[in-house]
Amino acid sequence: MEDWREDQELLVMDGRIRVPYRWAAGEVGTRYLEALRDESKFLGTRCPECGIVYHIPRRNCPDCLGECSEWVELESRGTLETYTVVRRHHPQLSPLPTPFAYGIIKLEGADTGFLHLIYEFEDGELTGGLQVEAVFAEDRDANVLDVSYFRPVKGVG
Amino acid sequence: MEPVAIVGVGMTEVKRERRADIFADLVFEATTRALDDAGITIDQVDNVITVSNDFFDGRTISSMAIQDACGSFDKNVSTVEGDGTFGALYGMIRILSGSYGTTLVCAHQKGSESEVQLITNAMFDPVYERVLGIDAITSSALQARAYMDGYGITEEQCALVSVKNHGNAFKNPYAQLPLKLSVDDVMSSPYMAEPIKVLDCSPVSDGACAVILASAERAGGVTSKPVWIRGVGHCSDAFHLGDRDLAGVDALREAARTAYSMAGISDPVNEIDLVELYDAFSYMEPMWLEGLGFCQRGEGGKLTEFGKTAMDGELPVNASGGCLAANPVLVAGLNRVIECALQIRGDAGEHQIDGVDIALAHGINGPCGQSNCVWILGGER
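The listed protein sequences correspond, in order, to chains H and E. FYI, our numbering numbers position 45 of the first sequence as 45, with every residue one higher than the one before it. FYI, our numbering numbers position 42 of the second sequence as 42, with every residue one higher than the one before it.
Source of the hints: derived by calculation from the structure; they are not laboratory data. Be aware that a few hints might be false.
[Stated by the list, open to error] Under the rule of at most 25 Å between Cα atoms (straight-line distance), these lysine to aspartate or glutamate pairs were calculated in the DMTMM-like manner:
| id | chain 1 | residue 1 | chain 2 | residue 2 |
| --- | --- | --- | --- | --- |
| 1 | H | K41 | E | D125 |
| 2 | H | K106 | H | D63 |
| 3 | H | K154 | H | E122 |
| 4 | E | K302 | E | D312 |
| 5 | E | K180 | E | D68 |
| 6 | E | K302 | E | D184 |
| 7 | H | K106 | E | D125 |
| 8 | E | K15 | H | E9 |
| 9 | H | K41 | H | E138 |
| 10 | E | K302 | E | E194 |
| 11 | H | K106 | H | E70 |
| 12 | H | K154 | E | D250 |
| 13 | H | K106 | H | D141 |
| 14 | E | K75 | E | D57 |
| 15 | H | K106 | E | E81 |
| 16 | E | K180 | E | E17 |
| 17 | E | K15 | E | D43 |
| 18 | E | K15 | H | D14 |
| 19 | E | K75 | E | D43 |
| 20 | E | K225 | E | E17 |
| 21 | E | K15 | E | D74 |
| 22 | H | K106 | E | E194 |
| 23 | H | K154 | H | E138 |
| 24 | H | K41 | E | D357 |
| 25 | H | K106 | E | D245 |
| 26 | E | K15 | E | E113 |
| 27 | H | K106 | E | D243 |
| 28 | H | K41 | H | D139 |
| 29 | E | K180 | E | D43 |
| 30 | H | K154 | E | E194 |
| 31 | E | K180 | E | E155 |
| 32 | H | K106 | E | D54 |
| 33 | E | K225 | E | E113 |
Kindly generate the complete structure, drawing on both the sequences and the hints.
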């Protein structure tokens, strides 16, 4: 096969898989996302056995597998545990103009961190331990982007 | 544990794009090389494990499309969706079940055929995380920052890993990306997501590989150079990044503890001659070395700085060039196992290290090394 391959452009078949999905938010996720949308509130769930407050909320505790039967209202501010500033814009993935950041944020009242966006920060301002606060979107439809992003709390630490 | 041996290995050359080869061609190439290496025919393979990922392949039940190519037609076959080290683990367990004397494990990947950032975005939770646009690079950057801040590792130390591994790749004809780099080259390459720069990242790759495992009874009749599985350990961490201590390497420590215990290793620094680990990003090499117990937490960067992990150092790490020089996802972990086997046999070629008796291979699965698989291999049973 070598002889013809020399001057032959090898073919590729372009394609795109388009499959609609409908991922259930579940009972727990629905209550959480509706509280974000309707009340601008973050809710976690607490495991009465371990005492751990999970945010994002779970129905069951990953530690003891018991039921996280208690809802806990959390503050809409918390501590930035780790972060990364993104400077290369990805046309399909980047949800904000660059530079923006991803952060793992532990909200006040929660024992676990969660992933969200960080914006409205100065160059070099982000550090582990920084206090950040949620900026809620004006138009909301019960998804995690009802919080547009988190930003550093001004005049704090 | 009953002894199980690696009796045959086969790798394809890894390239950015292998357009002349469809998935099955790559699998066929790896399979026939492993059979030739073992000196057996497909008739002597009792069962087959394939390793693939449907999202990467862009097809439902991707394992089924390559069954002919790995000779599993009319055989008992099962499938692993995850890193190839876990495929080999399953293959080993099948031999230990007593039902099979030999297992062929093959893995394939064509990163060139899709968009790796979109594929890796899809490993995150569709309700809470995916819409934020997080992917393998940005999530790993969160881990890299946690590691650097938490343990005092510098970007320069990570850059040294990239310099070392890309340099080692010049001696490995299977590697994709040998590069002569300086620390400055790495440091001045553009940020993908801080603190990870372009030259801290493994490349997008096409490739396949296969190994043939055998029980002690069958190994004797197959090869004169069996490599024995002395210990295996595996452990998983939590899925959600916020639930984990991202720089904590808890799952790796547990996997290593199990593997060392099985292999009777109490002093890894002095008992292990060579390491091939999953360096998808440069920061991972020192972090995994710490998790594997080769140094204290926070000391991983110094191992590279002081040349200990160089090809002529006390503990050569990724003499093959590692994943930084060739990263066909899923295949890459199994390639670590194959590299260790070749080193123990003395068949690694130009990057052969003298006197490798005990080697450690490491694979990861899931975001930020959620799950870890550690292999201890040796020339003696």
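Does the structure keep K225/E and E113/E at a Cα separation of 25 Å or less?
Distance ~37 Å between K225/E and E113/E Cα, so the pair is violated.
K154/H and E122/H: Cα distance at most 25 Å?
11 Å, holds
Decide if the proposed pair is consistent with the structure: K106/H and E194/E, CA atoms, cutoff 25 Å inclusive.
21 Å, holds
Checking one constraint from the list: CA of K15/E to CA of D14/H, max 25 Å. Satisfied?
20 Å, holds
Are the Cα atoms of K106/H and D63/H separated by 25 Å or less?
With a Cα-Cα distance of about 18 Å, the restraint between K106/H and D63/H holds, given a limit of 25 Å.
Compare the distance between the alpha carbons of K106/H and E70/H with 25 Å, and conclude whether the hinted pair is satisfied.
19 Å, holds
Hey, K106/H versus E81/E, does the alpha-carbon distance stay inside 25 Å?
Between K106/H and E81/E the Cα gap is close to 32 Å, so the pair fails against 25 Å, i.e. violated.
Can the restraint linking K302/E and E194/E be considered satisfied, given a maximum Cα separation of 25 Å?
Status holds; Cα separation ~21 Å.
25 Å limit on alpha-carbon distance, applied to hinted pair K154/H and E194/E
Roughly 23 Å separates the two Cα atoms, so the pair holds.
Is K15/E close enough to E9/H, meaning Cα to Cα at most 25 Å?
18 Å, holds
Is it true that the CA of K106/H sits at most 25 Å from the CA of D54/E?
34 Å, violated
Restraint check for K75/E with D57/E, where alpha carbons must lie at most 25 Å apart:
The given pair, whose Cα atoms are some 23 Å apart, holds under the 25 Å limit.
Of the hints listed earlier, those the structure fails to meet are numbers 5, 12, 15, 17, 20, 21, 24, 29, 32 and 33, in rising order.
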